[in-house]
Amino acid sequence: MTLEQDLLQSAHSFDPQALAEIYDLYSPRLYRYAMRLLGDACTAEDCVAETFSRFLKALQAHKGPRDYLQAYLFRTAHNIVADHYRRQPPTEELSESLRLDENTEESASQHLRQSHMRAAMRELTEDQQQVIALKYLEGWENDEIARALRKPLGAVKSLQHRALARLKQLLLDEA
Amino acid sequence: MKKDDELDPRLASLLEDLKPVPARDPQAASRARSRFLAQAVSARSAARQSWWNIFPQKENFTMKLIVTSIILIGLLFGGGATVAAAQDALPTDSLYQVKLASEEAQLAFTANPISRIELLMEQAQTRAEEMVTLTSQGLAPNEALTIRARESIQQALQLAASLDEGAMTAVLSRISTQLQAQEQLMTQAKTSACAECDPILQQTRDMLRTQLHAAEGGLNDPQAFRNGYRQQNQLRLTQTPGATNTPTPGDTPFPSSTPETSPTPLGSCTPVLDGSGQQQRNGNPQNGTTPAPTHDDNWDGNGNQGTPQPTPGGNGNGNRETPPPTAGNNGNGNLGTPQPTPGGQGGKP
Numbered sequence: 000m001t002l003e004q005d006l007l008q009s010a011h012s013f014d015p016q017a018l019a020e021i022y023d024l025y026s027p028r029l030y031r032y033a034m035r036l037l038g039d040a041c042t043a044e045d046c047v048a049e050t051f052s053r054f055l056k057a058l059q060a061h062k063g064p065r066d067y068l069q070a071y072l073f074r075t076a077h078n079i080v081a082d083h084y085r086r087q088p089p090t091e092e093l094s095e096s097l098r099l100d101e102n103t104e105e106s107a108s109q110h111l112r113q114s115h116m117r118a119a120m121r122e123l124t125e126d127q128q129q130v131i132a133l134k135y136l137e138g139w140e141n142d143e144i145a146r147a148l149r150k151p152l153g154a155v156k157s158l159q160h161r162a163l164a165r166l167k168q169l170l171l172d173e174a
Numbered sequence: 000m001k002k003d004d005e006l007d008p009r010l011a012s013l014l015e016d017l018k019p020v021p022a023r024d025p026q027a028a029s030r031a032r033s034r035f036l037a038q039a040v041s042a043r044s045a046a047r048q049s050w051w052n053i054f055p056q057k058e059n060f061t062m063k064l065i066v067t068s069i070i071l072i073g074l075l076f077g078g079g080a081t082v083a084a085a086q087d088a089l090p091t092d093s094l095y096q097v098k099l100a101s102e103e104a105q106l107a108f109t110a111n112p113i114s115r116i117e118l119l120m121e122q123a124q125t126r127a128e129e130m131v132t133l134t135s136q137g138l139a140p141n142e143a144l145t146i147r148a149r150e151s152i153q154q155a156l157q158l159a160a161s162l163d164e165g166a167m168t169a170v171l172s173r174i175s176t177q178l179q180a181q182e183q184l185m186t187q188a189k190t191s192a193c194a195e196c197d198p199i200l201q202q203t204r205d206m207l208r209t210q211l212h213a214a215e216g217g218l219n220d221p222q223a224f225r226n227g228y229r230q231q232n233q234l235r236l237t238q239t240p241g242a243t244n245t246p247t248p249g250d251t252p253f254p255s256s257t258p259e260t261s262p263t264p265l266g267s268c269t270p271v272l273d274g275s276g277q278q279q280r281n282g283n284p285q286n287g288t289t290p291a292p293t294h295d296d297n298w299d300g301n302g303n304q305g306t307p308q309p310t311p312g313g314n315g316n317g318n319r320e321t322p323p324p325t326a327g328n329n330g331n332g333n334l335g336t337p338q339p340t341p342g343g344q345g346g347k348p
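Those protein sequence lines, which keep their order, are chains R and G. According to numbering that gives the first Met the number 0, the first sequence is numbered sequentially starting from 0. According to numbering that gives the first Met the number 0, the second sequence is numbered sequentially starting from 0.
Careful: at least some of the hints might be erroneous.
[Claimed, not checked] Below, a sample of chain G positions facing chain R; criterion: calculated Cβ distance under 8 Å:
{"#": "1", "residue": "7"}
{"#": "2", "residue": "23"}
{"#": "3", "residue": "34"}
{"#": "4", "residue": "97"}
{"#": "5", "residue": "98"}
{"#": "6", "residue": "99"}
{"#": "7", "residue": "102"}
{"#": "8", "residue": "105"}
{"#": "9", "residue": "143"}
[What the hints assert, rightly or not] Examples of chain G residues lying across from chain R (beta carbon under 10 Å, computed):
{"#": "10", "residue": "16"}
{"#": "11", "residue": "30"}
{"#": "12", "residue": "35"}
{"#": "13", "residue": "36"}
{"#": "14", "residue": "89"}
{"#": "15", "residue": "90"}
{"#": "16", "residue": "92"}
{"#": "17", "residue": "106"}
Because the hints were derived from the structure by calculation, they are not lab data. Cβ coordinates follow ideal geometry from the N, Cα and C atoms, glycine included.
Given the sequences, and given the hints that come with them, work out the whole structure.
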């Protein structure tokens with residue numbers, strides 16, 4: 000039995016030690032993931048908190064994942080990010096952190112590139128976004144992504160292909 | 000490289016731009032962790048209670064009666080020995096869950112508020128003793144022990160606030176003495192502590208000091224103490240019908256200077272993810288019952304993930320924006336309390 004399965008089994012019986020270990024193991028990764036997609040520290044923290052809150056509720060309802068915890072948590076986090084954008088479309092205001100650095104040209108330029116990239120990502124379907132984020136930002140293998148999306152490997156490859164084509168069209172062709 | 004994995008270098012460079020992430024604020028991370036652990040403890044209690052609902056409604060009463068009888072008979076003719084043996088169990092022992100269950104049962108069968116307060120304070124004392132014993136064995140106590148102790152003390156203080164003034168003063172005075180004794184116990188534990196025990200012992204001492212501060216506040220100004228808890232109760236009742244009164248970390252209606260009771264709620268950063276975005280639109284921020292689109296994050300395997308679902312009440316954090324009853328309190332007491340969220344967690348078969 001892998002560490003992940005071991006932890007998950009204990010989590011189903013609400014073992015506080017296991018739940019704390021799960022949090023410590025995945026919370027930093029989820030935060031990074033949310034930060035990359037949302038670009039705001041507070042919102043990313045909220046996303047992580049909500050992800051774990053939903054995980055607990057799923058356990059309480061005797062549901063939740065029986066295996067592939069990481070895939071489950073990232074899928075949940077991605078859904079929360081998508082919900083967030085649906086409820087509150089992003090504004091292009093400069094963040095507080097950037098304001099501190101705004102005299103740095105490179106920082107501003109990077110922020111603009113990031114905003115542009117995020118805006119392009121949002122033009123993709125949610126599944127396509129998730130494939131691109133997990134593969135190229137988080138470095139996951141296709142089979143791991145397939146588990147997160149609960150789709151066959153072929154479907155993931157197809158999503159990836161279409162997503163890359165769309166991003167190229169949006170970001171490179173227009174340039 | 001296969002064609003599927005081919006990535007235009009210019010696109011790769013743009014994606015690379017998204018990779019750098021500023022360091023996470025350690026304080027925010029620590030607060031979030033504490034909240035999650037408190038939520039986990041509450042979820043555990045709620046999950047235990049939900050086992051009572053496994054029978055169909057029609058047979059509920061009969062089945063509960065039968066199960067209760069079996070448990071009582073079992074406890075009387077054999078289980079009693081197990082329960083007795085469990086009383087010395089530590090969190091690392093298999094009988095510890097029996098010990099916790101027996102404590103809960105004892106509390107459930109105690110109706111008198113003063114007796115309940117005594118029991119709750121005994122339970123807090125037991126948690127402190129367990130931490131000291133674990134420390135003396137070189138084992139770092141789990142944070143869940145601190146959270147349980149805090150919940151017991153907070154319930155005791157809340158009950159004290161409901162007593163008449165004479166009884167309340169006497170009870171608060173006893174609670175103060177007990178809290179001082181517990182803090183003393185934790186301080187003595189430090190002398191023989193293992194290196195990794197220090198942070199959790201310090202956290203517990205901070206928590207005890209905060210609760211002691213609240214109890215002493217009640218002795219100095221009984222009316223303010225009573226009003227603080229009354230307002231808190233009213234807020235809970237009006238905002239989260241059906242919610243359990245599980246306190247959040249540092250949930251006390253008195254100001255505190257300790258970092259353990261930081262009054263800054265997580266949602267104060269950006270309330271948009273807390274399920275209240277829809278509430279603001281329809282001007283009904285109080286009960287959070289507005290259906291909001293959300294995702295199914297359960298496994299349905301049918302390709303329907305992400306289908307918007309109605310989410311009555313959101314996600315258990317729907318009250319994070321609620322103004323606190325008094326300074327120093329996070330104001331809702333429900334951050335760590337999971338709410339029923341059919342859409343929030345999917346709920347698809």
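Broken hints, by number = Failing hints, ascending: 4, 5, 6, 7, 8, 14, 16 and 17.
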